[in-house]
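Novice: Sequence order for the protein chains is A and B. Here the first sequence is numbered in the working numbering, starting from 1 and rising by one per residue. Here the second sequence is numbered in the working numbering, starting from 1001 and rising by one per residue.
The reader is advised that the hints may include incorrect statements.
To be verified - Cβ-Cβ distance ranges computed for the label pairs, FRET-style: (1) R1002(B) / G43(A): 45 to 51 Å; (2) Q1078(B) / L95(A): 46 to 52 Å; (3) E1366(B) / R239(A): 33 to 39 Å.
By construction, these hints were calculated from the structure, which means they are not laboratory data. Note that the Cβ used here is the ideal one computed from N, Cα and C, for glycine as well.
Below, each chain spelled out in residue letters.
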Amino acid sequence: MQLLISLSVVVALALVASSRSFWSLRRTAVGAVIFSGGWVAVGLGLLLSLDRLALVRSGQVSALEPLVHFALGWVGLMVGLQLRRDLPKYLPGALLRLMAMDLGLALFAGVGIWLAAGWLLDLPMGHPLRWFIAAFLGVCMIGWAAEVRSLRRQPAQDADSERLVRATSGLSSVFALLLYGMLFFLFDTPAGAAVGADAARSMGTVIAPQRILFGLSISILIAAAAGWLCHWLMRLAGRNEGHFLVVLLGVVALIAGAAEAMGEPPLLVGMLCGAVLVNLPGDPVVRLKRVLLEAEQPMAMAIMLVAGLMADPVLPGMAWAVVGGVILLRIAIKWKLIGDRIARTAPAGESALFHLAPLRQHPLAMAMAVGMVITHPIDHAAVTGRELLMMVIAIGLVCDLVILLGKWRGATATEQDSGGLVG
Amino acid sequence: MRIVGSLVMVIGLAALLRSQWIGASGSTVFAVGMLVLCAWLFGLLCEKVRLPALTGYLIVGAVMGPYVFGLIEQEQIQSMRFASDLAVALIGLIAGGEIEFRHIRGQVGRLGGLIASHIVILLLVVGGGIFLARPITPIFEQADSATFGIALLLLATVTVAASPAVVVAMITSYRAAGPLSRMTMLMAVLKDLVLVILFAVALSIGRAVLGDASTFHAGVLLAIAVQLVGSILLGVVFGLFMAGYAHRIASHLVVFTIGSCMFIALLGEIHFTVMSSKVHLEPLLMALSAGMLMRNVWGEQTESLFSSIESTSTPVYCLFFGLAGAKFAPQDLVRFWPMALGLSALRLFGLWFSMKVGLRLTGYREPALRGAWIGLWPQAGVSLVLVMLIQNSFTEQTHAVIQQAAAVLLTAIFIDQFLGPIGFRLALGRSGEIGRLGRQLEKTNGESTA
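Kindly generate the complete structure, drawing on both the sequences and the hints.
Specialist: Put into structure tokens, the structure is as follows:
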């Protein structure tokens, strides 16, 4: 009960936070962290899940799983709607280069995490879980949050770097989801894993490359069928808002439910379905985008709350060490290497602030981690799925705090510079 | 043709996924998707042959439910219960929004008189009919007088219930407006308020007479009063909040509406004890009060909110009535159909007779109101809950007669649930009120444009 009430409260907060009245507040750095970053929801979730308070039991959290699957399907659909057939024509070279650089660096980070995970979590070299942790945290490293206006001193001023940050963020989410889906298929749940404690401990740690092709084909098949069906039904619904909503909700539930039941990631199936839909002729896609975007903030907040509820806040010391290592890698890669590239095109006086933009973790990382905990549970002595989720939360939070600090220092430095010039 | 094609495609896709990969126990989310899409499409098909869409939703639910094809499992229905509660809250908001005080100003006494006379006469007709039919009713053959009396009381009381959900759904989906729509809505809603009290008293008497004498005391009435007043007050608070949001923030209204209904449904889950009686807040009543407050106090400011509620209503109806249909067990119909059909016919006669007498006694002269009794024919959510309460209050071992009577009642409710909307659609069509709201809005828009 407390859980569902909290969910309602969070959705209500999300609504208020996404309203026009709060728009200006969300444009401040602190406001962006609290509202756009969703840390209020994550914090509430963590608070509710504390054993000492005994407010929410794990059984109650699992009652939310259908809603979470639905929300993940919805998010996936939103990501997929970017994938228009003619998109490559409009992608500037700078964006593609930045994207390639980010992917390459994420791969490099994955190797670093693989080394650190083996050493700190005491996993042997060939252990599938070691590979899984490295690959998963590496995928979470891809991209950054699109929100950048809160970092700027003059948000009204048009800036190429802002567009670059946003567009790369959008495109990177597609790559991140594709790789995330591959991870699902590559690291299979062994048959009969639920039987016996030993088997359960190794859940999610069997490498099964033969599944990639099969899993991906099934995902594409479901997505294509659902996308085509959705398009057909949307045309049947016509201009009627109620009928349109039936189609949207029904199809999202259908793909999310099918993905859930078949052990496919709802995020990936949703994205592929979105990609199919956006490339079919007709105008319903515009309406679809509008409705999906309207629910974006509440949906994100609900996922953040669930992330807080599912995470295990008591991380072992070695896991914190991995978190620290990933944060350092992130700062080195995103702030120094990628930030440098973005800052080159930044308006005068905002170069330091644009350095910070790619440091913020992509919100999709949290959704991917929640999806991993629900559909691909890991219960190993070295690390559990819930602990991995907490690691993602911790990385995102610390990065946001670093950004706040960086912005404050950057602003102070700029003021001093301009003071000197004037003086 | 396109609708049939779409229906075949949805069923085909769902069947393919289920047979090849998903399996019988499946996923609840998948079942929701399947139910909503199939119900919507079959509803469209029903509309093509001039049947209410709602009948289509119910039929799809029954066919897909655990007792026919088993595409939706019993556990899945249980886990979707929250969706039903949410739907009840949404229906309550719509119903509240339809009740405008300016329409009933000056006729509160007459309306009260009509409802009172209707309830009393209906109780007498149904109660008398059951009493007379006792010798030919198999389930009452072995019953002693006390058990028969209590069964009669409970059966007659539940037949008073109408279905505000069906009435609201029909009126909104047909965009009907006029005296018949208004009166049916008022009757269905207000009658259920009286019914809550009547049923609690009848059930307490039943428990007291048939064994558990300690359950009937003054505390029961106090608990009912707390439940009613508490629900109304909380609904008022909620109405203030919703109106404030619609006025000040006014963004994401669809999501806000669903979130609000979710919250109202959740409040209904909270139980507390008053004078050793278990009490919970009534979501329908809360939503009704909130809707009434918004419509009558901040009508202009909340107009956009009500429009968004209407646009949200179709998926909610598909799910709610689909789930209601899924509870239908044809084997009960096979077993009890003569008695259930008899009870349903008796109730129908009672509705017609009580409204005819009631309208005459209270001086309502509008010809359109003659069809109001058909609007009260459908039974759904409230009645089903009341039957469930009867089943839970008397065990099968000790009170087999009451249990069987409840099964007959349940079957009669399903008959009314399927046939009632068809009757109401005919009545609305005959009164000429179908589509009148749309025409009125067009006229108003035209005038304002001019």
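Novice: For every hint, state whether the structure bears it out.
Specialist: Status of each hint after checking the structure:
1. R1002(B) / G43(A): 45 to 51 Å: With a Cβ separation near 49 Å, R1002(B) and G43(A) satisfy 45 to 51 Å, so the hint holds.
2. Q1078(B) / L95(A): 46 to 52 Å: holds, 50 Å
3. E1366(B) / R239(A): 33 to 39 Å: This hint holds: roughly 35 Å between Cβ atoms.
Taken one by one, the earlier hints all hold for this structure without exception.
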